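Produce the entire structure from the sequences given, and follow the hints as far as they go.
Those sequence lines, one after another, are chains A and B. So for the first sequence, UniProt numbering puts the first residue at 1; every next one is plus one. So for the second sequence, UniProt numbering puts the first residue at 1; every next one is plus one.
One or more hints might be untrue.
Note that the list lumps identical chains together, so a pair holds whenever it fits in one copy or between two copies.
[As the list claims (entries may be wrong)] In silico DSSO-like cross-links for lysine-lysine, where the CA-CA straight-line distance does not exceed 30 Å:
# : residue 1 : residue 2
1 : 240       : 183
2 : 156       : 142
3 : 91        : 45
4 : 58        : 128
Think of the hints as simulated: they come from the structure by calculation, not from any bench. If you're wondering where the values come from, they're calculated on a predicted model, not measured in any experiment.
Protein chains: 2
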Amino acid sequence: MKEKVTIYDIAKALNVTAATVSRALNNNPKISEATRTLVLETAKKMNYEQNKFALALKSGKSHNVGVVVPFVNRNFFSSIIRGIEEELYPKGYHVIICQTHEDAKKEEETIQNLLNAQVDGILMSVSKHTQNLKHFEKVLKKNTPLVFFDRVKPLKGVSSVTIDDFRGGYEATEHLIKSGYSKIAHVTVDLSLSIYERRFEGYREALKDYDLPYNENYVVKAKSDIDSGEEAIKQLLKLKEAPDAVFSSSDFAALGAIRQLQSLGISVPQDFGVVGFSNEPFTQFMELSMSTVDQAPVEMGKMSAKVFLEQIKDVKVKVEKKVELSPELIVRKSSLK
Amino acid sequence: MKEKVTIYDIAKALNVTAATVSRALNNNPKISEATRTLVLETAKKMNYEQNKFALALKSGKSHNVGVVVPFVNRNFFSSIIRGIEEELYPKGYHVIICQTHEDAKKEEETIQNLLNAQVDGILMSVSKHTQNLKHFEKVLKKNTPLVFFDRVKPLKGVSSVTIDDFRGGYEATEHLIKSGYSKIAHVTVDLSLSIYERRFEGYREALKDYDLPYNENYVVKAKSDIDSGEEAIKQLLKLKEAPDAVFSSSDFAALGAIRQLQSLGISVPQDFGVVGFSNEPFTQFMELSMSTVDQAPVEMGKMSAKVFLEQIKDVKVKVEKKVELSPELIVRKSSLK
DNA sequence: TTGATGTTTGTAATCGATTGCACGAATCTA
DNA sequence: TAGATTCGTGCAATCGATTACAAACATCAA
Numbered sequence: 001m002k003e004k005v006t007i008y009d010i011a012k013a014l015n016v017t018a019a020t021v022s023r024a025l026n027n028n029p030k031i032s033e034a035t036r037t038l039v040l041e042t043a044k045k046m047n048y049e050q051n052k053f054a055l056a057l058k059s060g061k062s063h064n065v066g067v068v069v070p071f072v073n074r075n076f077f078s079s080i081i082r083g084i085e086e087e088l089y090p091k092g093y094h095v096i097i098c099q100t101h102e103d104a105k106k107e108e109e110t111i112q113n114l115l116n117a118q119v120d121g122i123l124m125s126v127s128k129h130t131q132n133l134k135h136f137e138k139v140l141k142k143n144t145p146l147v148f149f150d151r152v153k154p155l156k157g158v159s160s161v162t163i164d165d166f167r168g169g170y171e172a173t174e175h176l177i178k179s180g181y182s183k184i185a186h187v188t189v190d191l192s193l194s195i196y197e198r199r200f201e202g203y204r205e206a207l208k209d210y211d212l213p214y215n216e217n218y219v220v221k222a223k224s225d226i227d228s229g230e231e232a233i234k235q236l237l238k239l240k241e242a243p244d245a246v247f248s249s250s251d252f253a254a255l256g257a258i259r260q261l262q263s264l265g266i267s268v269p270q271d272f273g274v275v276g277f278s279n280e281p282f283t284q285f286m287e288l289s290m291s292t293v294d295q296a297p298v299e300m301g302k303m304s305a306k307v308f309l310e311q312i313k314d315v316k317v318k319v320e321k322k323v324e325l326s327p328e329l330i331v332r333k334s335s336l337k
Numbered sequence: 001m002k003e004k005v006t007i008y009d010i011a012k013a014l015n016v017t018a019a020t021v022s023r024a025l026n027n028n029p030k031i032s033e034a035t036r037t038l039v040l041e042t043a044k045k046m047n048y049e050q051n052k053f054a055l056a057l058k059s060g061k062s063h064n065v066g067v068v069v070p071f072v073n074r075n076f077f078s079s080i081i082r083g084i085e086e087e088l089y090p091k092g093y094h095v096i097i098c099q100t101h102e103d104a105k106k107e108e109e110t111i112q113n114l115l116n117a118q119v120d121g122i123l124m125s126v127s128k129h130t131q132n133l134k135h136f137e138k139v140l141k142k143n144t145p146l147v148f149f150d151r152v153k154p155l156k157g158v159s160s161v162t163i164d165d166f167r168g169g170y171e172a173t174e175h176l177i178k179s180g181y182s183k184i185a186h187v188t189v190d191l192s193l194s195i196y197e198r199r200f201e202g203y204r205e206a207l208k209d210y211d212l213p214y215n216e217n218y219v220v221k222a223k224s225d226i227d228s229g230e231e232a233i234k235q236l237l238k239l240k241e242a243p244d245a246v247f248s249s250s251d252f253a254a255l256g257a258i259r260q261l262q263s264l265g266i267s268v269p270q271d272f273g274v275v276g277f278s279n280e281p282f283t284q285f286m287e288l289s290m291s292t293v294d295q296a297p298v299e300m301g302k303m304s305a306k307v308f309l310e311q312i313k314d315v316k317v318k319v320e321k322k323v324e325l326s327p328e329l330i331v332r333k334s335s336l337k
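What follows is the structure, given as structure tokens:
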């Protein structure tokens, strides 16, 4: 029925040029008030809608940003996405979602794809297995703003938004100490990711500050899932001097730990304290609610978006901004003797 | 450093026309094999990348689809998004995410916005408060494929992907009956949304099929949260003849119910059976794991994407496809006497 | 040799919006 | 009143890729 209305149609209807219409629509100061209002009125009357493709072609800007995460249906990441969307939508940007499935190759491919789609920026959390950083350099070479959130890689010219994982690890451990536990173990995940390493460092620092010995055997590497947490606890309990508490860098592993402890008749938190990390929704829904560290993911998403918006402002000034948000220790039942 | 390479640059380098280059790149059959390979090689050598904006302007297709949900960080929706992304990404489509916050106005605005952005299709779940359907008609008038998932509105020309909520409600109730409960209540959410109404109908049908009386007082309206579930159970227990089981259309309300029951010393599942709906992740992580109905959200997302792809294929044939997936009853501890 | 057919490439318009430059008219200054 | 400014608008190029149509050339049959 209705064909698309262009500025040429409006121009024809008013006996002016498309240029005039364009200027009127863009509030160009060198247009008379009279024609401006006239154009605006007829534009409304004719149901004019700006063709974004033409604009994009001319300006080179798509008003889209790419967001790359391992999986979108992980609470942490979907909450970050929520924050990004809420911050960027009012500014006229759309958020394009991509998943890497923790696959380095897919990550490279995705980045290339987003560059092809000429997004105005890329916000992302790197995959676990990303080693090669060439694809990021492509992004920088194209002058496309790049912002890492949570999982970062050291790279000049890239801004990042993280939480203070060191402090998170420190506070979790400190809380266990103050709660009366003294032989505190640590379940870590993947030390090649800096977030887990920093949590580990926080753990060690807390031990040191409270004059507790650091015991290498108390540190177990696991995956971020329940089974792996169960295994980790089994291993820890086999030690001659078994620990009486654990700070886990993963909520899922912590859950596995709790389950295993309970099935062995060890009562949590009386005989064994547990603190997780991430504040996954399930941690508060358990009967024995789990203490954990909240990462403020929505806030992190919003902050990432803000950093992107700043970078977009002055393209010449390449600011490399490093924002570090504060984690929040959430004390629940699993660590309260 | 590197300016953008266009087909004109390639053309100049080879002393041919941009038209020839374009045809070669697009595998147009009316080009000689020799020049085709030549063009492809130099294109690679010069690092040519197609400008999607120009293509979009010419073709009117953006290769973007809009996905609109109430919130992205709700497991059900983020899993659907995951499915959509996984299905569409290999086909060269990008997924644009928008949230409505369950706000009808924001939904209208968002739809308009996506149309402006000239997405090739819109996949969505309507907000709770959507009554007016005008904005959807705009979409149809523009011939943009529209696919509803889960929460649908009756609208000619719109495809939909849902699960068989009736069957879900039926099976949940039937399971409670077969487990030995006989006075089964129902906590519903918002009967203006068809999904909840159908679950309610399934509940009634199961009662009828098993010759159990339908008691109006056994049906309580709640919101989809814990507090509301607690309230609902309190109300039910006040009845002269209190129920001994409940099928809740919401996992969250079911959790509230369980908590309230336990705090009153009523043991689940011995004295009271509970079945939820949605298979939220936390339901399996509780010590007293919750029986629930799985909605296969990732599958739903993939199916929605497939329906969209079919619609895109022949634009002339306006197929209105209604796909109904099967829910899966998941029996856990909360309903096993 | 002629004309028909087929293959390959070029020409130029098109998709809409933006913008530097130029031109005419109106206003101001001296 | 002549000349300088200012203001509003039009002209035309531009952003890259696609494609209908035309043109050039080669090939083949009669």
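Quick rundown of the hints versus the structure:
Taking the closest pair of Cα atoms, residue 240 and residue 183 come within 30 Å of each other only inside a single copy of the chain (12 Å); across copies the shortest separation is 54 Å, beyond that limit. In the homo-oligomer, the alpha carbons of residue 156 and residue 142 lie at most 30 Å apart inside one protomer (14 Å), although the nearest pairing across protomers, at 46 Å, exceeds that limit. Proximity of residue 91 and residue 45 under a CA criterion of 30 Å is satisfied intra-copy only: 26 Å inside one chain copy versus 38 Å between copies. In this assembly of identical chains, residue 58 and residue 128 lie within 30 Å of each other by CA distance neither inside one copy nor across copies; the values are 38 Å within and 40 Å between.
When held up to the earlier numbered hints, the structure conflicts with hint 4 and nothing else.
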